[in-house]
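K.L.:
Given only the sequences and the hints, what does the whole structure look like? Please build it.
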Amino acid sequence: MADYVIGDVHACLEPLERLLERLRFDPADDRLYFTGDLIGRGPQPVETLRFIRDLGANAESVLGNHDLHALAVAHGTGAARPSDQLGPLLEADDREPLLEWLQHRPLLVDVSGTRYSVVHAGIPPQWGLAEAHDRAREATAVLRSRQAPALFANLYGNEPAQWQLDLTGWPRLRFIINAFTRMRFCRADGRLDMGENGPPEAAPAGLFPWYATPGRDLGALGRTLITGHWSRLGCRRHDGLITLDTGCLWGGQLTAVRLDSAAPAFTHLDCPTASEP
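Just so you know, the sequence shown maps onto residues 1 to 277 in the UniProt record's numbering.
Among the clues, some could well be false.
Pair by pair, the computed Cβ-Cβ distance ranges are [unchecked claim]:
1. ASN197 with HIS238: 11 to 21 Å
2. ARG137 with ASP94: 27 to 37 Å
3. GLN162 with ARG137: 34 to 44 Å
4. GLY113 with GLY195: 36 to 46 Å
5. GLN164 with THR267: 38 to 48 Å
6. ALA57 with ASP93: 18 to 28 Å
7. ALA202 with MET1: 35 to 45 Å
8. HIS104 with ALA161: 23 to 33 Å
9. THR168 with THR267: 28 to 38 Å
10. THR168 with HIS268: 37 to 47 Å
None of these hints come from the bench; they were simulated from the model. All of these numbers come straight from a predicted model, not from anything done at the bench. Ideal Cβ positions, reconstructed from N, Cα and C, are used throughout, including at glycine.
P.N.:
Here you go:
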């Protein structure tokens, strides 16, 4: 039995299938975890969701920002863009069960039996792992409830940028979801900054990768986080962190890491260009 985590697929099913062949993935025994953004801007949203959903208990994915955008569009509160390539999904005969399955994905998941956890973007510097799980459960409960349409209607925006315990209502949920699914950079005081998406080495003065905010110690989380979301970060390893978005959608690579060996083992698959950044 093997546990694999795979970076952002973005509806690029053909590279995913080739990667699984290279891994010799056994759907009867192995487990897959995805870093989110299963769909969005890629060519096969319907087929990708069907394929991963039909793996059943052997596959799990956290939600990414593009997954949430697709759900908001489907609920009539998100503005669809041609580059999203969501038309086939929105017009599919089985759109409702596919979207319901997607909407029930978690925001943060521990890989059972290992020291690893998976989240799309990261965990903000104000939270430890226990609080991150609490906040993920809080937002997930609303996403899976009758309040979900109202949440999607209040999903978009970069404020509040700073976590406070006394945040309430939609601003509180917006911060939680932004942190888990959109965060890249923070200010020294932990405020989220959504204006930059380049590599950390090119960040303007005063911005820090969320995992390197002054005083941040990922090792204190007690588990290694595995994230996607940040294609210009690519595949990197830091103390307590593995990043896996290697730009499959942009003609880069699709990356998997196997977790059940003494050290994580990476597999990279070159991908044809599916879209333009």
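K.L.:
None of the hints should be skipped; say for each whether it holds.
P.N.:
Now for the hints, and whether the structure bears them out:
| no. | hint | result |
| --- | --- | --- |
| 1 | ASN197 with HIS238: 11 to 21 Å | 19 Å, holds |
| 2 | ARG137 with ASP94: 27 to 37 Å | 28 Å, holds |
| 3 | GLN162 with ARG137: 34 to 44 Å | 22 Å, violated |
| 4 | GLY113 with GLY195: 36 to 46 Å | 39 Å, holds |
| 5 | GLN164 with THR267: 38 to 48 Å | 41 Å, holds |
| 6 | ALA57 with ASP93: 18 to 28 Å | 25 Å, holds |
| 7 | ALA202 with MET1: 35 to 45 Å | 41 Å, holds |
| 8 | HIS104 with ALA161: 23 to 33 Å | 28 Å, holds |
| 9 | THR168 with THR267: 28 to 38 Å | 44 Å, violated |
| 10 | THR168 with HIS268: 37 to 47 Å | 44 Å, holds |
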